[in-house]
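Undergrad: So you can see what is in the structure, the chains are spelled out below.
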Amino acid sequence: MSPTLQARDITKVYGHVSALSGADFDVDAGEVVALIGDNGAGKSTLVKILSGTETPTSGEILIDGKPVTITGPLAARQYGIETVYQDLALAPHLNPVQNMYLGREIMRPGIMGRLGFMDKAAMRAGSKQAFDELGATVRNFSGTVGAMSGGQKQAVAVARAAAWGKRVILLDEPTAALGVVQTKGVLDLIRRVRDRGLGVVFISHSMPAVMGVADRVEVMRLGHRVASYRAKDTSMEELVGAMTGAVTQENGS
Amino acid sequence: MTGQTTAPPAEVVPSEEESSGVLARISRIQALQIIGVLAVIIIIFSALKPHSFLTVFNIRGIVQDTSILAVLGVGMTFVIITGGIDLSIGSVLVFSGVVADKSMAAMGTQGWGAAIVGLLVAVGCGLAWGLLNGFFIAKAKVPPLIVTLGSLGAALGLAEVITGGVDLRDIPNVMVNDIGFGNIFWQIPWLAVIAAIIVVIGIVLLHRTRFGLHTYAIGSNPEAGRRSGLNVSGQLIAVYALSGLLAGFAGWLNLAFYQSTTIAGQSTTNLSVIAGVVIGGTSLFGGYGSIFGSIVGLFIPATLQDGFVIIGIQPFWQQVVVGAVLIAAVYVDQQRRAAALRGGRRTMTGNLLHHLASSRQAAPARELPRTPPAS
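Residue numbers (the working numbering), protein chains in the order written: chain A, 1 to 253; chain B, 1 to 375.
Hints in this document: simulated from the structure, not taken from any laboratory.
Treat the hints with care, since some could be wrong.
Partner residues are not named here, just some residues of chain B that face chain A (Cβ under 10 Å, in silico) [stated by the list, open to error]:
id, residue
1, T209
2, R210
3, F211
4, I218
5, S283
6, L284
7, Q334
8, R337
Over the 10 Å line for every Cβ pair with chain A, so calculated as not near, a few chain B residues [as the list claims (entries may be wrong)]:
id, residue
9, L32
10, P50
11, M107
12, D178
13, V200
14, Y216
15, L271
16, T303
17, I311
18, V332
For glycine and all other residues, C-beta sits at the position ideal for the given N, C-alpha and C.
Modelling step: build the complete structure from the supplied sequences, incorporating the hints.
TA: If you want it as structure tokens, here you go:
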């Protein structure tokens, strides 16, 4: 069976700098893939290409084995790919429900909807369901997101992606700014998203987070994949070795 | 690491408030403090000169003086919520009035027909200037301050070119007698009723519709809006177009009220309106504000002006006091927003105790308010 989302031989060149040189990547439905690598290894560039914010210089992206062209973030969303950015991309003055449905508001039926009136009750119910499904600790739907803790903001961003994503969720450093308890909360969210049958890709520098939640670990170095491990068959030492180039593995997976 | 039950550790705020119109409600509460300031001003003047200040005639005058500014304030509130500014409204008002006056003069009649043509022309001129502003701000990425400073000069200059710098006074009688000075009934002026209708429409549009929500969203975090698929440029253009359109409409009302194009009389209108909007609690950094607050904020200078004349103080003091109120209002707003971002609740007293009880463990690092957008 083809992976739900696959990238083949992706290159990305910025001027004279080659950010990706023949990178391969794949993720299956119901699988958590951690993308690790040293700074400048090309992880973020790869995620940006998969999420449609960057276009590759060359290479191929396949969804369920069929080649596709992702022209932008909206196109990626139409393929069921949602992204949680490092800065979360939330509007701090809006509440969680408004953020959840921003750009995808449910309008009231009939003439009122045509006039721009929204069905707030439906959006509130939908948000509540999304947060409950993920066990997110967001209870106050009317306060602004800006007044929430880092973990809650992260929960809103992840829940938004999980609610809209139909295929794959990409997370760029989802735990970088969080404390221990909040990190655990986000990792639990990631597991629940996976258990709902979505593919999850996350970039992380935190080895405990990677080992704790990932099913598979893809190691990038100098713009391409250098190794791919089942998380339960590997160790932190091995991963760090692969990241730094001390250990090499023939093209994995 | 493996526990599947997330012990709900973080702050659980058990209150499930109704989410409907939260922004509206918060803003209203913020505006309540400004109402307090206005009430104090009214009480002082009333106590000093009860028989001349607190009369129907005098209050009618204040309301009438504020009506045109209120129409402009609706558009300005939208603009400032996006994190922008519109300096051009006074000039657009004059330009629209001049072109409308020319059109009505060309018709040569004194009836409603000419007045309505004038209305359409004025609104059309305002809309055109607003679209022009919006295009350069959203598409050409020129900062709003510069674009609207440019159109401030250009619109006024063109108005002077058209008129040779001499005010025009070709306004149909019905406009002056009914719209400008007439009462709809008793002592309720037409001008105030028209302004009130615009204000109510503006409040509904801002606080109840998707258009309003997206206005807040792009002011709060344009990048988040873009990644959520909002048409950020389109929304910005629409907001500046709305401000321009209302400035054009205000130009028509201005003709009715002053029976003149007031070419030289609008040089500080933009600043008066901006001051009113900011006094009313709308944040210059974007993402936050209310039209209701703006209207209250506009009544403060008008009331002071009127009151100082009545109690015999030089009315120039009005500018001094308004300046102080403006700075104080922004200071208070900054303090409150900083407190809110530290984890406090916006609703002041009611939820305070509740909040203290429920969120003691949540002490997130202080987050700074978003810096104003660079462009």
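Undergrad: Closest CB-CB distance from P50/B to chain A, is it above 10 Å?
TA: Its Cβ never comes within 10 Å of chain A, the nearest being 43 Å, so this holds.
Undergrad: Checking the smallest CB distance to chain A, is M107/B really beyond 10 Å?
TA: holds (34 Å)
Undergrad: Using the nearest Cβ pair, does Q334/B come within less than 10 Å of chain A?
TA: violated (14 Å)
Undergrad: Would the least Cβ to Cβ distance between V200/B and chain A come out above 10 Å?
TA: holds (14 Å)
Undergrad: Once the closest CB in chain A is found, is it more than 10 Å from L32/B?
TA: Label holds. Min Cβ-Cβ 18 Å, cutoff 10 Å.
Undergrad: If you take the shortest Cβ to Cβ gap from S283/B to chain A, is it below 10 Å?
TA: holds (9 Å)
Undergrad: With d taken as the least Cβ-Cβ distance between T303/B and chain A, does d exceed 10 Å?
TA: Holds, since 30 Å exceeds 10 Å.
Undergrad: Checking hints one by one. Is R210/B an interface residue toward chain A, by the C-beta closer than 10 Å rule?
TA: At about 5 Å, which falls below the 10 Å cut-off, the nearest Cβ of chain A leaves the hint on R210/B intact, so it holds.
Undergrad: Have a go at the I218/B hint: is there a Cβ in chain A nearer than 10 Å to its own Cβ?
TA: Hint holds; I218/B Cβ to chain A Cβ min 8 Å, cut 10 Å.
Undergrad: Measuring from the C-beta of T209/B to each C-beta in chain A, is the shortest one below 10 Å?
TA: holds (4 Å)
Undergrad: Holds or violated: is there a CB of chain A closer than 10 Å to the CB of F211/B?
TA: Interface hint status for F211/B: holds (5 Å vs cutoff 10 Å).
Undergrad: Less than 10 Å between beta-carbons is the criterion; does L284/B satisfy it with respect to chain A?
TA: With a closest approach of 13 Å, the L284/B hint is violated.
Consistency with the previously given hints fails for numbers 6, 7, 14, ordered from lowest to highest.
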